[in-house]
Amino acid sequence: MPKEILRWGLATLFALILNVAIGADHKATQITDYDYPFDDPLVATVVGTPSDWQAKFPQKPPSEQLLLDSLIERSAPEVFWYQEGLRYSLAAQQHDAPMVFVIAGTGAGFDSAKMKVLESALYNDGFHVVSLSSPTYANFIVSASETGVPGHLTNDAADLYRVMIKIRDRHQAKLDISGYALTGYSLGAANAAYVAHLDEKEKEFDFQRVMLINPPVSLFNSVNLIDGLLAKNLSSDPASVDKFIGEVFDELAEIQQSDAPIDMSGDALYKVYNHAQPGDRALGALIGISFRTSSANMLFTADVVTDQGYLKPAGLTLGSADSLTSYLKASTRIPFLEYFDEFFLPYYQKRDPQVTRQNLLDSLSLKPLEAYLINSSKVFMVTNRDDLILAVGEIEYLESTFGARARVFPTGGHCGNLAHPVFLSHITDTMRLQ
Amino acid sequence: MTKHLSNLISIAALSLLMTGCGTTSNIKEIAPTPKVSAIVSTDLHYPIDVYDPWEGFNRRMYNFNTKFDRYIFIPVVNAYEAVLPDPVEDSISNFFSNLGEIGNFANSLLQLKGKAMASAASRFAINTTVGILGFFDPATYFGINELDEDFGQTLSYWGAGSGPYLVLPVFGPSSVRDTAGLAVDAWLDNEVDLLNYDDHTNREAVVVTVKAIDARHNVSFRYLQGSTPFEYEKIRYLYTKKRELDALK
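The listed protein sequences correspond, in order, to chains V and P. Everything in the first sequence is counted per my numbering, starting at 465 for the first residue and increasing by one. Everything in the second sequence is counted per my numbering, starting at 166 for the first residue and increasing by one.
Chain V with its partners taken away, still in its complex shape:
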């Protein structure tokens, strides 16, 4: 019996040594092994990374959902009575480690699926991971947006920065923090660039690494491209949007009810995709609708918080039991361009008469930070050649701006390959602090 144990122990030890020895090697070979399965950027964007292609991590992050008292003086409107503060999460290491802030994409919360992927990757790479909702997320608008009208990159960065300082101050005493890093995907990447730039002046964090994942160049272009998918793929008849949403839900529900019901966790989308085989028109419409839905949440929240009379009549106080159904109908109908011209622009013109349509449009872009992004050796960028949110010429712009700090994957659409091990290890390898 003791002999048995000894042999088993030796074998384990060997396995461990081998593992350590080939561990590094394994990682190196992975880099060339980009086998992301979808060439169609629409499929990639909708389906993402199916579990067989997903990166696996040894440890589940000990993620804690936390609440920060509202940072805003105004009290939450009655109709948002349930917004009790800013929600975020922290996955802390037991030991001394750098802290990374991760910023979610348009309309996404700190606990969205993509945020969970990034949290896993970065936690397993040794970071304390703080996950933040997008400034366009309803909870963020109510609890942390100074203006109440998100999408303005400079203002959003100031809001995020205040939040990040509060969170750091709250946890600093208990955590050993050895440095700071910053990342975000999609709109969150643009937010990260502006926060990094702000930090050069404010010096609260002195980020050692900043990683922009699938950033937009011009928000205006990106949003119009995504919104355009809706117009291009659904008839202009206003009822057709609602009808299509109805059909999608019907399809999902039908699959769930079928003889071999699909487990709606995990690979649900991939299974639905395999089952329904939607064409590019349906996929395009789906992306457009999903964006429109999150923009509807944002529009209504911004309008209620600022009481500008855009969706609801100014001065009308909505109570916690009032019907919001007609606001849902109205806000999902509004194309981004219309919102920009009729709400966003007048709102910022009212605050600052210097604002013109053109200079406001120009400011919603990475271009005002161009000199900084060209010269800052700590800011990195990763994207995909077929990213749906980039207009003609914008990939080239990103490549020339970031130079050697840019990495462009051949496929993946908009954040579709985020969970792929090669994509993720590029992120963690770049962000790892020396």
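I should point out that these hints are in silico values taken from the structure, not numbers from a laboratory. Certain hints may be false.
Only pairs whose alpha carbons sit at most 27 Å apart, straight line, appear in this in silico DSSO-like list of lysine-lysine [what the hints assert, rightly or not]:
#1 LYS280(P) - LYS407(P)
#2 LYS407(P) - LYS278(P)
#3 LYS630(V) - LYS842(V)
#4 LYS278(P) - LYS414(P)
#5 LYS707(V) - LYS406(P)
#6 LYS399(P) - LYS232(P)
#7 LYS580(V) - LYS630(V)
#8 LYS280(P) - LYS414(P)
#9 LYS524(V) - LYS578(V)
#10 LYS667(V) - LYS638(V)
#11 LYS232(P) - LYS406(P)
#12 LYS667(V) - LYS630(V)
#13 LYS707(V) - LYS399(P)
#14 LYS638(V) - LYS580(V)
#15 LYS638(V) - LYS524(V)
#16 LYS842(V) - LYS580(V)
#17 LYS735(V) - LYS414(P)
#18 LYS735(V) - LYS399(P)
#19 LYS280(P) - LYS735(V)
#20 LYS735(V) - LYS407(P)
#21 LYS735(V) - LYS707(V)
#22 LYS524(V) - LYS630(V)
#23 LYS520(V) - LYS580(V)
#24 LYS278(P) - LYS406(P)
#25 LYS520(V) - LYS578(V)
#26 LYS407(P) - LYS707(V)
#27 LYS578(V) - LYS735(V)
#28 LYS414(P) - LYS707(V)
#29 LYS735(V) - LYS406(P)
#30 LYS665(V) - LYS831(V)
#31 LYS630(V) - LYS578(V)
#32 LYS707(V) - LYS696(V)
#33 LYS399(P) - LYS580(V)
#34 LYS399(P) - LYS578(V)
#35 LYS406(P) - LYS280(P)
#36 LYS399(P) - LYS696(V)
Computed beta-carbon distance windows for the label pairs [said to hold, decoys possible]:
#37 LEU801(V) - PRO329(P): 33 to 41 Å
#38 GLY779(V) - ALA377(P): 41 to 49 Å
#39 GLY328(P) - ARG745(V): 33 to 41 Å
#40 GLU528(V) - PRO218(P): 38 to 46 Å
Since the structure is predicted, the reported quantities are computational estimates derived from the model, not experimental observations. All C-beta atoms in this analysis are idealised placements derived from N, C-alpha and C, irrespective of residue type, glycine included.
Chain P: place on chain V using the hints.
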């Protein structure tokens, strides 16, 4: 409802009048007519619409459920999950789901559904014996899946419409028909009295409590986390759609 609507319209009309005599300026004003009245047509049927004449009551109940969930139900479920190991939790779920086969059987019978009847009967027989009083679920392992049937579906099978949408305390989304269904299913459980409550009155309170905790433990949904202002509408729509599809099975 209608009062609220007429309020909306009169305020909209008022703001229209006001912008009519406003000064001209090169700074654009925010939409002169609130979009809600400019875009939404009250006599058009939208797919998101659900018959909800008691919306005010329902929303209050939804808000109550949110608070109940947040301050009582979920903390209790969290404690339950922290104390019990996962396999024990699963066994408890299996146990209640096995008792539920009585209702599945009765309702498949009432809907003349042979396959569902066979499934309920064989699952109950296998899981009660091989599965040790239902604490284990070998039937699923043998490929016999649970087919949920309730009295709400039975009513629907015999032609009853769903009636108005109704949010119940603690239970959440329902309809008049499904509420009646719940009551009948509960009555049936009581009549069959598998756990012999008649002779053990204390037992009932304990079992009902554990059953409720187990049911909540199995649903990952959390009320009003702040992602969307339109959660009530979305849940109402999803519930209605789900019940329509349940009826098609």
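Hint-by-hint comparison with the structure:
no.	hint	result
1	LYS280(P) - LYS407(P)	holds (21 Å)
2	LYS407(P) - LYS278(P)	holds (19 Å)
3	LYS630(V) - LYS842(V)	holds (24 Å)
4	LYS278(P) - LYS414(P)	holds (10 Å)
5	LYS707(V) - LYS406(P)	holds (14 Å)
6	LYS399(P) - LYS232(P)	holds (19 Å)
7	LYS580(V) - LYS630(V)	holds (22 Å)
8	LYS280(P) - LYS414(P)	holds (11 Å)
9	LYS524(V) - LYS578(V)	holds (15 Å)
10	LYS667(V) - LYS638(V)	holds (22 Å)
11	LYS232(P) - LYS406(P)	holds (26 Å)
12	LYS667(V) - LYS630(V)	holds (15 Å)
13	LYS707(V) - LYS399(P)	holds (15 Å)
14	LYS638(V) - LYS580(V)	holds (23 Å)
15	LYS638(V) - LYS524(V)	holds (21 Å)
16	LYS842(V) - LYS580(V)	holds (24 Å)
17	LYS735(V) - LYS414(P)	holds (20 Å)
18	LYS735(V) - LYS399(P)	holds (23 Å)
19	LYS280(P) - LYS735(V)	holds (26 Å)
20	LYS735(V) - LYS407(P)	holds (19 Å)
21	LYS735(V) - LYS707(V)	holds (23 Å)
22	LYS524(V) - LYS630(V)	holds (26 Å)
23	LYS520(V) - LYS580(V)	holds (12 Å)
24	LYS278(P) - LYS406(P)	holds (22 Å)
25	LYS520(V) - LYS578(V)	holds (14 Å)
26	LYS407(P) - LYS707(V)	holds (17 Å)
27	LYS578(V) - LYS735(V)	holds (18 Å)
28	LYS414(P) - LYS707(V)	holds (23 Å)
29	LYS735(V) - LYS406(P)	holds (20 Å)
30	LYS665(V) - LYS831(V)	holds (18 Å)
31	LYS630(V) - LYS578(V)	holds (24 Å)
32	LYS707(V) - LYS696(V)	holds (16 Å)
33	LYS399(P) - LYS580(V)	holds (24 Å)
34	LYS399(P) - LYS578(V)	holds (22 Å)
35	LYS406(P) - LYS280(P)	holds (24 Å)
36	LYS399(P) - LYS696(V)	holds (26 Å)
37	LEU801(V) - PRO329(P): 33 to 41 Å	holds (39 Å)
38	GLY779(V) - ALA377(P): 41 to 49 Å	holds (43 Å)
39	GLY328(P) - ARG745(V): 33 to 41 Å	holds (37 Å)
40	GLU528(V) - PRO218(P): 38 to 46 Å	holds (43 Å)
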